[in-house]
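J.: So the sequences go chain by chain: L and C.
Take the first sequence: its position 84, counting from 1, is numbered 84 in my numbering, and each next residue is one higher.
Take the second sequence: its position 22, counting from 1, is numbered 152 in my numbering, and each next residue is one higher.
Hints may be right or wrong, so weigh each one.
Said to hold, decoys possible - Derived CB-CB ranges, DEER-like:
#	chain 1	residue 1	chain 2	residue 2	range
1	L	Met-48	C	Gly-224	28 to 36 Å
2	C	Gly-156	L	Asp-23	51 to 59 Å
3	L	Asp-23	C	Leu-215	28 to 36 Å
Keep in mind the hints are simulated off the structure, nothing from the lab.
Each residue gets a CB set at the ideal place from its N, CA and C atoms; glycine is no exception.
Protein chains: 2
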Amino acid sequence: MATEPLKGVYRRYLQCLNERRWDDLGEFVREDVSHNGKPVGLGGYRAMLEADTTAIPDLWFTADLLVTEGDVVACRLMFRCTPRLPFLGFRPTGKTIVFAEHVFYTFRAGKIAAVASVIDTQAVAAQSRP
Amino acid sequence: MATEPLKGVYRRYLQCLNERRWDDLGEFVREDVSHNGKPVGLGGYRAMLEADTTAIPDLWFTADLLVTEGDVVACRLMFRCTPRLPFLGFRPTGKTIVFAEHVFYTFRAGKIAAVASVIDTQAVAAQSRP
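Kindly produce the complete structure, drawing on both the sequences and the hints.
T.: Now the structure itself:
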C-alpha cells in the first residue's frame, strides 16, 4: 500500500475521533482490532474512546509527528486538554494538562487491525491531584 | 533522504547501544541532540544511556516495529530485562520485566538530532517493588 493513501485514511480517522462520530469508527477500525495485545474488538475500542472523551470533553487528537511505511502508521499525538473525571486513575485539578501518546497502528486491508500505544502517564500524574 | 539508508543507520545505532560502544555514539547522535525537548547534548545523552545500562546490565535494544519516512524514524522498542538498581524511580524485584518504549527520532544530516520518547512506566511500575 502506498504511503500517502494510508496517511490520508489515518488523518480521516483522527477527524472522525475529533468529531466524535463513533458510528463511523468501523470505516477505519476492524471488527477484530486489538489494543496493546488485547483483542478488544471494535466495540471495546469504541467504548474506550467514548470513556476517554467523556472524562476529557476537549480531548482533541492532534498529530505532532506522523510516519507511515508499509502497513504501519506511527504517530506522536500531543494532547492539551482539561480532564473533568479521573483519567488513567489520576484525579483532575480542573486545569489544562499537556501530554503525549506514541502509537503504532498496524493496518490490514485498509483498516486498523492492531494498536500499540504508550501514554506519557508520568506527565499526566505530574499534572494531576495526588 | 531515502528510507533504507536511514533504517540502516538506525539499526547500526541500536547495535552500538547493545555493544555499549559509547565512544562511537557520536557517529549516530548529534552534539546538540535534544531528548523530550531538553537540549541534553551528546554528553548528557550518553550519560543517560550509561546510567540506564548500569541499572539494567541486560538492557538490549530490540526493534519490535520500525517505521521510517523522510528524516524521522519511529521505533517500538521492546525490553525484556532484569533491573539491578532502581529504574525510573522503581525498585527492582530481581525478576525479569517486560516493557515497551515508543520513540520518534528526527535526523539532521544523517544523525539523530531530536529524540521524543515515551516509556511504558505503568508496566515497569506493575513489575517493580511497591
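J.: With reference to the structure, classify each hint as holding or not holding.
T.: Status of the hints after comparison with the structure:
no., hint, result
1, Met-48/L with Gly-224/C: 28 to 36 Å, "holds (34 Å)"
2, Gly-156/C with Asp-23/L: 51 to 59 Å, "holds (53 Å)"
3, Asp-23/L with Leu-215/C: 28 to 36 Å, "violated (50 Å)"
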